[in-house]
Amino acid sequence: MKTLPQILALILLAAGMSGCYSDFKDMNKNPNALTSLDAEYLFSNAVKKTFLDTRTDWKLMLHFGSQYSHFYVVSHNTTRPHDTYKDNLYTEDYFDIYSATFVGPLKLTNEVIRLTAEGGEQENPLRNAMAQVVAMVNYARITDLYGDIPYTEGGWGREGVLSPKYDAQQFIYEDMMTRLKNCIEVIKAGDPKDAYPGFDPLYDNDPEAWVRFASSFRLRLAMRARFADEAFASQVISECLQEELIEDLGQNAQIVRYDNPDLYNNWDWIHGMLPWKMSKKLVDWLKNTSDPRLQEWVEPTPFGEYRGVPNGLNDVEFSKVYWDSISDPTPALYARDMPVYFLTAPEVKFLHAEAALIGLDGGDANQYYREGIRLAMEQWNIPDTAIQRFLDHEAEATLFGSDENKLRQIATQKWLSFATNFIQAYTSIRRTGYPLIPQRTAPWLDRGVTDGYLPKRFKYPKKEIAINYDHVMEAIERQGPNEISTPVWWDVKGD
Amino acid sequence: MRNKILTLLFHLILTAVPLFPQGEKVTVKGEGIPLRQLFEMIQEKTHYRFFYNEDLPALNERVTVDARNEDVSTLLTSVLGQRGLMYRIIDGKLIVVADPKGFQQHTVSGRVTTEDGSPLPGVNVFIKGTSKGTITDTDGRYSLEVPDGATVLVFSFVGYKPQEIPVGDRRVLNVRLKESVQKLEKVVVTGLGISRKQKSLGYAVTEVGGEEVAQAKEANMINSLAGKVAGMQINRTAGGVGSSSRVILRGITSLLGSNRPLFVVDGVPVSSGNLGSAGEWGGIDRGDNIADINPEDIESISVLKGPSASAIYGSIGANGVILITTKKGSRKEGVGVEYSSSVSMDTPLVLPELQNKYGMGGYGVYAPIDPVTGLPSGEYPWVWSYGPEMQGQLLINWLGEEQPYTPQPDNYKDFFTTGWGLTNTLAFEAGSPKATTRVSFSDFRTQGIVPNNDLNRQTFNLRGTAKLGKRLDLDARVTYVHQRAHNRPLMSEDPHNPVYMLEMMPRNLRLEDLKNNIVDENGKEKNWMSDIFTSNPYWGLKYIGNLDDKNRMISFLSLNYHFSDWLSLLFRNGMDYYSLRTKEWRANKSKTNNDGYLSASQSNNMSFNSDFLLSAKKKLSDNLGGGLSLGGNMRYYNGIWIGQSGSLFHVPDFYNISNVSRYSTGEGFSEKEVFSLYALANLSWKDYLFLDATIRNDWSTTLPKNNNSYFYHSENIGFIFTQAFGWKNYWFSFGKLRGSFAKVGNDTGPYQTYQYYYVEQSKFPYPLGNLSSQLAFYDFKPELTDSWEAGADLMFFGRRLEANFTYYENLSKNQIMSVPLSHTTGYTSKKFNAGSIRSRGYEVVVGGTPVHTESGFDLHLSFNLSHSVSIVESLHPSLDKLELAHLWSASIQARPGEKYGDIYGYAYKKDKFGRKLIDDRGFAQKGDYTNLGNINPDFLAGFSGKMSWKGLSFSFLVDIQQGGKFFSWGKAMKCLFGNTVETLEGRAEWYATHDPATMYQTPLPGVEPDGYYEEGVLEKNGQPNNIPIQPIWRWYNVYAQDIAEEWIVDASNVRMREMVLGYTFPAKLLKNTPLASAHVGLSGRNLFFFYRASRHVDPESGYNPGNVGNGFENHALPTTRSIAFNLKIEF
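Chains as they are written, first to last, in this note's numbering: chain A, 1 to 495; chain B, 1 to 1131.
Calculated directly from the structure, the hints in this document are not laboratory data. Treat the hints with care, as some may be off.
[As the list claims (entries may be wrong)] So, partial list: chain A residues that the calculated Cβ filter (under 10 angstroms) puts toward chain B:
no.	residue
1	W285
2	T289
3	P292
4	F342
[Said to hold, decoys possible] Pairs of lysine to any residue, SDA-like flavour, derived with a Cα cap of 20 angstroms:
no.	chain 1	residue 1	chain 2	residue 2
5	A	K463	B	Q755
6	A	K25	B	Q755
7	B	K672	A	F24
Note that CB positions come from ideal geometry on N, CA and C, so glycine has one too.
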């Protein structure tokens, strides 16, 4: 019977049709797609999508991040619910961020991991390790926002895992620490020729830079876990401090390519879409501490003032605001050729400072702190004299008082240094409690669904609950109600 | 005074009353009245009717009578006898008065029967050239006085060929009437274009004549079928001129795949589908490919419902088949020329009911004026219509000018223009006994109600047939279509959807202000509100646009070789090719696209169908007939697509890809091939028992190699029991039972059995790799649909009343469905063979010709009713529901055990009695996420009538939908913005009792607050709600809480779908003109509603022609009423 179609074809062709047909058997292989591809093409896209992605930049960074971290306030109803601590109107955002990560970079990193694994079609331990580091950046981003997530099974649809189980965040953190350590060892031992020469938009295939990045990233995560599991975190922090870390701005994990429109900063057009205004919290802090970044970041109003608007106004108050009297952000914060920061030298300095504060780093906390401030300002091209003036004259530029106050100072400067990585700024506020975002009790503020407290996590998306019900329910049981006021595992320090 | 009007009622009486009833009695009194008047008096008081020759002089003679309760026959005998007249009572009803002296007469009587001898009652028998006649009684008998000499009697009856018989000297004249072929031997086109006698079919076929789609034309010809075919549901999308329609026959057979029937033109399947439709967030509808068929070229349309009828088309026919037969030239010698023209005018049918009391503002006050700009705030809610009462007070408008604050009742309506359409068709026909040719050229141009939306289409059609020698028949056709459309309206939630903006516009906003101020001082789009997801509709008219341009060629060539009178071989090749160019642009500095946007694409699609059919047909014995056909088919499809898009125009308003700073390009290709072999057999026994069977095997390239062959079959039976049992009588003239079963397989789209990588264009030195987000499925099995139907075709009263019933059931299994995955797998979906869906329903068609007179007056009425329900029996085990479509707070889902097309969303929180539970502040609350109703109607019905008299004809079609719901997001926005009349409730009361100084937030001291009262009971104590709320918060609360229930609207409606008035000039009048015939007509489509449950919108306002597209309304363009003048002349 197998040849019947061909016989039939001949009969029908003979009946007057031109022979323009492909072979019946192979016709179903799409000529405009590939059935195999070298992993380096996938890796470069995974890196790009991890550090620069339209959907995450737009929704995660601006809608949530910039308002939760009290940098911006949107002067438009569409994204108001984020700022007023609501959780119902834009639940799509919770889904989009989930989806943009798993179906975006994680699909790609895991495909690279699958192809380059031992026994894989393109076995290559070095490539495998680098892809794992990128994968963990993504898992960490999602777990920090949602808590328990599908970590071991998430992103493995290609291997047939179609309803991934959720892992506890503690397990995820512990496992990431081990995996990162192993990956760092592999990268150190590898020959760069075997990595991604010509295909690495982050560090141009420099293994040393990747090691610095992976170790600094591991340090960031370990520090994040320190209030939840001090013993474990302390050990990892100590290990990380032994490694080469990101020390100067040139080693920053940031994507910046002025010549490549594919790598333009997405905020350029996102800013064009929504009118973002500066938050009173940020503007007041910068003004009160005479921080030279004020002029760098904040446009004066037509009245010549630097003026922010409070986050979280209720609908009536919001509708009374004269938006022209509120400062805009300067293009420095969103121009298309501004770098997109992920992990920077100042952050590492502040991590050092915090480690020194708790005795895990032999250095001087204050010195690290001041170095961090200097680097953070240099990153925004603040003139040296202005930096020096700030360091010399501003009380906040030197650690003082109790350890708790020092932590407040470190966390607050770190908050500023995160600009424009707003979601990290928000995460840092959650862990340390600084800068203090007080409960919204004033009558002109909207308390949202959290009774005015800064939200502590993102909700599992409705679509995910619907499709992967049992596993999400397990996570909710373990972690607490699927509300934005439920803290994640590492968020144990009181505000 | 002849009464030849036959009504069904009349027949009933006729058959019910005794043959010769007792003579009726009458009371009449009169002195010196003319005889004629006496007759009339008797007629008035009795059932008798008088027949007489008007020329009788005695009629004017005066008589004096005084009869009390006297036998009519006695009275007449005395009155007429005196005057030498005689009379006769026929059928107990007719009194024929004759003058025996005037001319010699004699009585002719006899019996009229059908060919097989059964009596025919109600047959008109009359003397040719006169108005004198009678009708036959229940036994078919008649008796008539006829003058001696050359008299011809005419016997006529609906459904039978009239006969004229010279009487001569005969006293007895028995007549057998032959049934007219069209009635009994009605031939319909069935699968593969094979013509079959309708009576021999085991399944339901509905045929619609070409004139029915031509006389009241639609830009999309398929819409003309709405309401005419039982079991067919047509929902047009509200997408401007030439937009697409959702067409479903007999419910759902595929959960996620297409449920659109197959369209076959002259035996060749053609592309019929949608060329682009809108989604939740916008888009345009580029119409259906089937709209390319010119209604003027259509001879007839056969609708084969359900797989039984269409099994022979295999998988592509699983949703039913619509067979279109185009016109051929006639075999008459000579040349015919036909010209037809029609002009139509389109106006909005349903407009939203808007309030005209309160204008722009919020909380009862006008927007605050910004001290910097001097303009009123453009933010929500200040741009809603919740401002103060409009009393002409001077206020600063959005342009910064002082302006009287007055209602603008027409600012929605006036944006639209009157649409029009103009169609001209010229056709030539030439023929000879050996060959025929028909050439037609048609030009169709139309302007939509959105001012810059137009579409025009030219169709060129050439059809030729020829007999090549004795044995070979050739038939060929080429159709070329060119269509161009400009500025198809952007739909649903696109800010450039003008309707969306008009719906949100405050009630005091002046359209001319909007029109005259589209650009601000920076050259950017200017609008009355600052929300950047909004737009000035007049900016849109000028700076946002699109066009598409289609060239299409449909052709076929068939050769049929007759080996003998019983054996023939047919070869047929058909090709359907079209290329489509599309372009869409948004200028720089549009509010929504500061960088502008351009996309352009070009696609070519080709499908090739090639088949052969060897047919044998033989009468095997006197009683046994049979036919056997063997066929094979190859279907090949390929499509190529190239697209470009970009943004940031260098030269403003020049929309060319070379003028953008950023661009990307892409290309696509797909192809598919299916081979089939099939056999059809049919057997008939004594012309009353018919058996058909088909078997078919398909091989499809889209299935995995080891699973790519699938076999299916169908059987059907037709049994004419009236004939088999020899039941021959007048009132039950024909009865047939039919039943069929079919199993049909289905394949899928190409390229799904491999996991693919692809590359994304980039500005890196290399492309970026990616993986498709759908997981491949390596072990596909074909989908299978089992279906059966049973039905009866009955005819009564000598076939003047017809009734058809059908019950059907389909079960589709192994559904190839794309199952959404948890995105945490890294993938969005995977295809599975999973799930099944069962549809069942019934169809009833009743029609008849209650009135038919010899003077040429005919009334034909037809009623059809259908009900269909589709139940999702199962889904993939990992799914407890499957989302079919989504719009804001509503979701249309398939859930196992539930009906297909249930709308889910949040309901109001209610107690067990269904009363809303109101919270302490007076607000309704969000309740369960639940089923809010089903999108499918409980039943659909059509009632049509056609009257004709001499050259005049009038027809109408009433289209009825009972039940079915839709989610109206347009209504939600209109209410939220305070523009609809509903939102007036409670406003005056609230403002009267609250303090304006606090924006009406606090009650006036000492005044009992009043306002909007949500209907329901207080949750805290169960008492009726008595807490007033400010109306703006009432609507905002519903919106903000995602309560979808509020926006669920009943789609039930009764609509005057079509009315056509026509006049054909009598041949006499045209004698001295070059015209052979002339016809003028006035037609209207979508004229008005007898009943409509939905306010604000036509229930036919979906934005997407997909499976559940009728379930959502999202700022739909108003549907239109169209009135056309038609002219058709032949030379």
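Results for each hint:
Interface hint status for W285(A): violated, as the beta-carbon distance to the closest one in chain B is roughly 26 angstroms, over 10 angstroms. Of the supplied interface hints, the one on T289(A) is violated, with its beta-carbon coming no nearer than about 29 angstroms to a beta-carbon of chain B, more than 10 angstroms. The closest approach between the C-beta of P292(A) and any C-beta of chain B is roughly 28 angstroms, which is over the 10 angstroms cut-off, so the hint fails. Nearest Cβ of chain B to the Cβ of F342(A): about 19 angstroms, over the 10 angstroms cut. The hint is violated.
Between K463(A) and Q755(B), the direct Cα distance comes to roughly 25 angstroms. Violation of the 20 angstroms bound is thereby established for this hinted pair. Taking the CA atoms of K25(A) and Q755(B), the gap is about 17 angstroms. The hint holds against a cut of 20 angstroms. Annotation: proposed proximity of K672(B) to F24(A) holds, straight-line Cα distance about 9 angstroms (limit 20 angstroms).
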